[in-house]
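*Asks:* Produce the entire structure from the sequences given, and follow the hints as far as they go.
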Amino acid sequence: MSNSATVLTTNTRLNALTSKISKVIRDNTKIITLPAKNYPPWWNLSCHNFQKLKILFRKRALRLISESDWMKHKKYAAKLRFHIKKASRNYWDKICNITKNLRMFYSMLNRIYSHTNQEINTVNLILHNNHYISNPVQQSNLFADFFSANSVKHEPIPLDYCEDSNSHLNIPIHLQEVRQAIQKTRNSTPGADGITANWFKRLSNTDLTCITSFFQEVFTTSYIPEEWKHSIIVPIPKPNKDKTKINSYRPIALTSVFSKVFERILIQRITHHLLTEKKITPSVNGFLPLRDNQLAVYKIHTAISEAHSHKKYFIGISLDIKSAYDTVYIDGLIFKCLQLGITGNITKILHNFLQNRTLQVRWRHSLSGTKPVQKGLPQGSVVSLILFVCFLSDFSETLDEGVEYSIFADIFIFCAHTSLDHISKKLQNTMKNVYKWCNYWKLNISPEKCSIADLSKKKLPSIPRITYAGFPLPWKQTIKYLGINFSKINQNGIILKNIRSKALRKINALKSIAYKN
Numbered sequence: 001m002s003n004s005a006t007v008l009t010t011n012t013r014l015n016a017l018t019s020k021i022s023k024v025i026r027d028n029t030k031i032i033t034l035p036a037k038n039y040p041p042w043w044n045l046s047c048h049n050f051q052k053l054k055i056l057f058r059k060r061a062l063r064l065i066s067e068s069d070w071m072k073h074k075k076y077a078a079k080l081r082f083h084i085k086k087a088s089r090n091y092w093d094k095i096c097n098i099t100k101n102l103r104m105f106y107s108m109l110n111r112i113y114s115h116t117n118q119e120i121n122t123v124n125l126i127l128h129n130n131h132y133i134s135n136p137v138q139q140s141n142l143f144a145d146f147f148s149a150n151s152v153k154h155e156p157i158p159l160d161y162c163e164d165s166n167s168h169l170n171i172p173i174h175l176q177e178v179r180q181a182i183q184k185t186r187n188s189t190p191g192a193d194g195i196t197a198n199w200f201k202r203l204s205n206t207d208l209t210c211i212t213s214f215f216q217e218v219f220t221t222s223y224i225p226e227e228w229k230h231s232i233i234v235p236i237p238k239p240n241k242d243k244t245k246i247n248s249y250r251p252i253a254l255t256s257v258f259s260k261v262f263e264r265i266l267i268q269r270i271t272h273h274l275l276t277e278k279k280i281t282p283s284v285n286g287f288l289p290l291r292d293n294q295l296a297v298y299k300i301h302t303a304i305s306e307a308h309s310h311k312k313y314f315i316g317i318s319l320d321i322k323s324a325y326d327t328v329y330i331d332g333l334i335f336k337c338l339q340l341g342i343t344g345n346i347t348k349i350l351h352n353f354l355q356n357r358t359l360q361v362r363w364r365h366s367l368s369g370t371k372p373v374q375k376g377l378p379q380g381s382v383v384s385l386i387l388f389v390c391f392l393s394d395f396s397e398t399l400d401e402g403v404e405y406s407i408f409a410d411i412f413i414f415c416a417h418t419s420l421d422h423i424s425k426k427l428q429n430t431m432k433n434v435y436k437w438c439n440y441w442k443l444n445i446s447p448e449k450c451s452i453a454d455l456s457k458k459k460l461p462s463i464p465r466i467t468y469a470g471f472p473l474p475w476k477q478t479i480k481y482l483g484i485n486f487s488k489i490n491q492n493g494i495i496l497k498n499i500r501s502k503a504l505r506k507i508n509a510l511k512s513i514a515y516k517n
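Each residue of the sequence shown is one higher than the last, beginning at 1 in full-length UniProt numbering.
Some hints could be false.
As the list claims (entries may be wrong) - Computed list of lysine-lysine pairs in DSS-like fashion (alpha-carbon distance at most 30 Å, straight line):
(1) Lys85 - Lys59
(2) Lys311 - Lys322
(3) Lys371 - Lys336
(4) Lys52 - Lys23
To be verified - Simulated DEER-style distance windows between Cβ atoms:
(5) Lys476 - Asn444: 20 to 26 Å
(6) Thr206 - Gln374: 53 to 59 Å
(7) Ala16 - Lys94: 35 to 41 Å
(8) Gly402 - Asn129: 15 to 21 Å
(9) Asn187 - Arg89: 22 to 28 Å
(10) Ser213 - Lys442: 37 to 43 Å
(11) Lys20 - Asn124: 36 to 42 Å
(12) Lys94 - Asp394: 44 to 50 Å
(13) Asn124 - Gln374: 31 to 37 Å
(14) Arg186 - Thr358: 21 to 27 Å
(15) Asn49 - His174: 45 to 51 Å
(16) Arg186 - Thr281: 25 to 31 Å
(17) Asp421 - Asn124: 56 to 62 Å
(18) Ser213 - Asn485: 51 to 57 Å
Simulated from the structure, these hints should not be mistaken for laboratory data.
Ideal Cβ positions, reconstructed from N, Cα and C, are used throughout, including at glycine.
*Replies:* As structure tokens, this is what we get:
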């Protein structure tokens with residue numbers, strides 16, 4: 001009874017706090033919406049207003065043949081030129097200042113060179129059951145049904161959280177932890193409450209102390225407020241896909257910044273535990289300090305080079321997990337966290353955070369109905385990345401002796417030996433184990449999207465038949481892993497050609513920024 005009262009108090013406090021903050025932000029924020037037209041990026045409200053006045057007095061001067069109106073037209077035309085010149089120069093200075101922050105600069109370059117000219121008019125129609133839907137509300141509900149379609153609730157697993165208040169994972173939250181979490185939170189689009197990361201970064205020490213005490217209350221009660229488990233989904237079209245098909249859109253989730261700050265506190269503790277206790281094998285890369293994609297690519301490249309120098313066969317397999325994040329078995333994930341030593345209140349919080357989530361879709365200024373999500377890691381959540389690493393932590397148990405692997409969201413399995421039959425048997429046994437492992441943990445691998453390739457210098461006497469769930473894996477000339485194409489012939493040349501192509505696209509992006517041909 002007392003626990004229920006505490007939960008109710010926490011929920012009431014959060015609702016009152018977020019409502020008050022949201023109201024203050026709305027009352028003190030001026031929102032300006034320009035007309036939906038393809039204006040230059042430096043176009044601002046002054047340019048827009050002077051352009052309207054210029055056109056207005058020109059029409060009046062031509063209609064009334066008025067000298068005063070014509071003079072006003074010339075006056076506003078001159079002001080328009082002045083503001084256009086000023087706005088474009090300020091924009092260019094701002095772009096140049098971005099180069100001081102390499103992270104922002106390369107992020108901007110990647111957005112530019114990967115941009116495709118999309119026909120925005122076609123998104124007004126969505127094809128469903130051989131009929132075109134044009135109503136925005138119906139379209140948003142279709143998106144909501146599609147993005148929550150994989151939410152199938154599984155039988156729960158009995159879990160023992162092993163309460164351990166003395167563990168370093170469950171110590172009280174300190175003010176310094178909150179400060180670090182706020183500084184690491186990006187200034188991205190806020191969730192439904194409208195509270196931005198900038199608001200947190202401008203809080204005084206007194207306000208931060210209040211936020212810390214509130215986070216500690218959430219941590220102690222293991223109660224996750226409903227607002228933190230709600231996501232606003234914005235569908236973004238995939239490049240070179242049919243915009244009328246609902247599966248041609250990628251869900252971008254907007255979640256509460258309150259939740260993101262709290263999640264970063266949990267991430268810091270979990271990451272420190274996994275690294276200090278050496279719970280994650282070196283073959284698992286990504287989302288961990290000093291384990292970036294370059295290290296994963298270097299490991300594969302080194303293994304191939306060693307096989308070449310020892311004149312061994314080298315067979316690599318790339319596995320594609322279908323909707324990996326959306327199909328994670330929640331109870332299975334929490335069970336694995338307990339096996340990794342993540343116990344106590346922090347595990348209970350993670351379990352509550354992943355259960356009974358909801359989503360809405362924002363589409364063409366319309367908001368869909370609320371849909372439940374019972375499965376998978378939440379999109380847009382900062383804690384999802386490290387939890388996915390935990391979920392794949394025991395994948396090494398599927399490998400036969402002599403078979404190695406590398407994980408960075410995608411899974412790359414490889415084996416090198418002087419005997420091709422030996423490699424074939426080892427890889428086939430591994431594929432059988434992977435199939436059993438995926439069935440047990442409720443994951444699906446698409447054999448048609450997987451690939452297998454010979455990356456050795458030696459010529460294969462025959463093509464081995466490696467199957468997954470009875471389906472043969474397709475053989476390819478090259479195999480792609482983390483954006484790098486590994487090939488049997490002239491491997492370094494293929495990699496350099498791919499890097500050169502990306503570099504040229506970035507150079508062209510720089511030219512477009514500088515307004516040069």
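*Asks:* Quick check on a hinted range of 20 to 26 Å for Lys476 and Asn444, using CB atoms only.
*Replies:* At roughly 21 Å between Cβ atoms, Asn444 and Lys476 fall inside 20 to 26 Å, so the hint holds.
*Asks:* So if I understand the rule, the pair passes when the alpha-carbon distance is 30 Å or less; does Lys311 with Lys322 pass?
*Replies:* 35 Å, violated
*Asks:* Could you see if the CB distance from Asn124 to Gln374 stays within 31 to 37 Å?
*Replies:* Roughly 32 Å apart at Cβ, these two residues keep to the hinted range, so it holds.
*Asks:* Between the beta carbons of Arg186 and Thr281, is the distance compatible with 25 to 31 Å?
*Replies:* 29 Å, holds
*Asks:* Do the Cβ positions of Ser213 and Asn485 conform to the proposed distance bound of 51 to 57 Å?
*Replies:* Taking Cβ atoms as reference, Ser213 and Asn485 lie about 53 Å apart, which means the hint holds.
*Asks:* Is the distance from the Cβ of Lys20 to the Cβ of Asn124 consistent with 36 to 42 Å?
*Replies:* 38 Å, holds
*Asks:* For the pair we were handed, Lys371 and Lys336, check the Cα-Cα distance against 30 Å.
*Replies:* 28 Å, holds
*Asks:* Is 22 to 28 Å respected by the C-beta to C-beta distance linking Asn187 and Arg89?
*Replies:* Holds, since Asn187 and Arg89 (Cβ atoms, about 25 Å apart) stay within the stated range.
*Asks:* CB of Asp421 to CB of Asn124, is that within 56 to 62 Å?
*Replies:* 58 Å, holds
*Asks:* CB of Gly402 to CB of Asn129, is that within 15 to 21 Å?
*Replies:* 51 Å, violated
*Asks:* Just to be sure I understand the hint, the distance between the Cβ atoms of Lys94 and Asp394 should be within 44 to 50 Å; is that true here?
*Replies:* Check passed, 48 Å falls within 44 to 50 Å.
*Asks:* Is the hinted range of 53 to 59 Å satisfied by the C-beta distance from Thr206 to Gln374?
*Replies:* 40 Å, violated
Of the numbered hints given earlier, the model fails hints 2, 4, 6 and 8; all others are met.
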